[in-house]
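Chemist: As they're listed, the protein sequences go chains A and B.
Number 48 in numbering that gives the first Met the number 0 belongs to position 49 of the first sequence; there are no gaps in the numbering.
Number 91 in numbering that gives the first Met the number 0 belongs to position 92 of the second sequence; there are no gaps in the numbering.
Simulated from the structure, these hints should not be mistaken for laboratory data.
Accuracy of the hints is not assured; some may be wrong.
One copy or two, it doesn't matter: identical chains are merged, so the pair holds either way.
[As the list claims (entries may be wrong)] Below 20 Å or equal to it, Euclidean Cα-Cα: the simulated EDC-like pairs (lysine to aspartate or glutamate) are:
(1) 100 <-> 237
(2) 238 <-> 114
(3) 277 <-> 233
(4) 100 <-> 249
(5) 45 <-> 234
(6) 222 <-> 267
(7) 277 <-> 234
(8) 160 <-> 199
(9) 122 <-> 252
There are 2 protein chains.
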Amino acid sequence: MKKIFDEDVIYKFEPDMEPVSQIEPGELVEFETRDCFSGQIKDEEKTMEEIDMSKSNPATGPLKVKGAEPGDFLKVDILDITLPDWGVTAIAPGEGVLGDKIDTAETVIPEIRGDVCYFDGVKISLNPMVGIIGVAPEEETFSSWSQGRHGGNLDTVDICKGSSVYLPVKQDGGLLALGDCHGSMGDGEVCVTGLEISSDVLTRVDIVDGPGIDWPVVSKEDKLAVMCSSGTVDEAIEKSVSSAVEILSENRDLEYEKAYMISSLSVDFRISQVVNPKVTVRASIPKEILDAESIFD
Amino acid sequence: MKKIFDEDVIYKFEPDMEPVSQIEPGELVEFETRDCFSGQIKDEEKTMEEIDMSKSNPATGPLKVKGAEPGDFLKVDILDITLPDWGVTAIAPGEGVLGDKIDTAETVIPEIRGDVCYFDGVKISLNPMVGIIGVAPEEETFSSWSQGRHGGNLDTVDICKGSSVYLPVKQDGGLLALGDCHGSMGDGEVCVTGLEISSDVLTRVDIVDGPGIDWPVVSKEDKLAVMCSSGTVDEAIEKSVSSAVEILSENRDLEYEKAYMISSLSVDFRISQVVNPKVTVRASIPKEILDAESIFD
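Work the whole structure out from these sequences, hints included.
Modeler: Next up, the structure:
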């Protein structure tokens, strides 16, 4: 099995990134990932304001998938996300939805035990997930904090063990990188951090044909979620509704208006995150309303 | 059992509404509700543009609950939501998230069979819910299309059979009205309608002390959702994050900053609806992180 270690990280997704490793389609790959602060915060005395933020949000990679070409999708099966025995949550003035009400930076280091963590005496269930996952973009360079059609800092709770992430390939080989795992996070990630952890993420990476949309998609049990990012929540909602209507129109051979109405009846438009440079909203489409034979593999 | 028939409807929530019926706290009450078009659309030939929209979004009531006073909460247990054998979904130019892309008004009348409906050959699972539920407001008069601290057109999928809705009482007797039921709706209600139905809604209505917040709350199995409405999604998110932080601070005796971080780790901020005069976002708090003894009854 291929393993990529956390010495090999990127802080931006660039069209012309150099791969640090390569695989044949369908191989298992383990990504060793750093936490979002590159391990610079290990105790509650240290805050976000005292570290080198140029080393925040590292993504391990990039990995070249032989044969992947623009127009393909990389299919990344998330097979496992290991948990350490602690994580870090931090706030700072100006950060997150209520940043204006925060006067001083603070850090908490919750202990992880089994499938829960203990935060100041409050027991919180874990939902381990991958925050950053993306490929080389088409033209623009994106900070690893940001998001786009290439993926990036999607911070979507559905990107968890048992899910498959589909990323639209823009450059030969795809050039996959991932990191910024969370032990737990709620929809919104409202204070700007989740329970930030280092982790080993086991994946299987393959090449597939995708549906005619140009955004990352995550497939999970009974739902398919299209993850659209934009500058405002309203814009991200509009993009995600358009994407859902496109998928339904094509997949069920429906006219635009009918697909729009079905989206209103059956698709959940959910907030992924609202605190990074862009915001991410996902259209969560029940698989029961899709023709399973004709969407992805 | 008390029953309020659908001749008694309101189209606005007013501070000085006259009750049409009254009960002792804890009584069962059935509300006969009209669909959101007051039954004016019964076939696919008729559109939203051809009906009297002043008769849209009727709410059955108001019901006086003896002894309810400002500072109390009405607790409305939703015990049943009956389903008819058809519903109506409609779009019109300018309505909903993609209204700019719609040229002509259209109506679909899906057939309801058991727990699914059939929309143009697409089978959709039902999630019956109450769209409008509210009490007399403090000072302002609200159209039944709108939302506020009194409740109103919350269009929140969690307001379903088995849930309890808590509404902050502003006027003596509370003055409860509800209607606008949906056989199915996704988070967002993006085209402006769900599967609109007439229904009999069986409730038990009681008076309780509430937590120190001033928004409607819905309690469902393992989650408590605070429903905040405002002019933009961003504003509604900020209000809902503030509400979650207030509840957590008070309920778990946490400092503001810690409650903010826990909200980021564990609370799901979800879109209820984005198409009515205001938008509604709910803070969905896992009950496991709350001290159950000290929140509501």
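Chemist: Against which earlier hints does the structure fall short, listed by number upward?
Modeler: Hints 2 and 5 not satisfied by this model.
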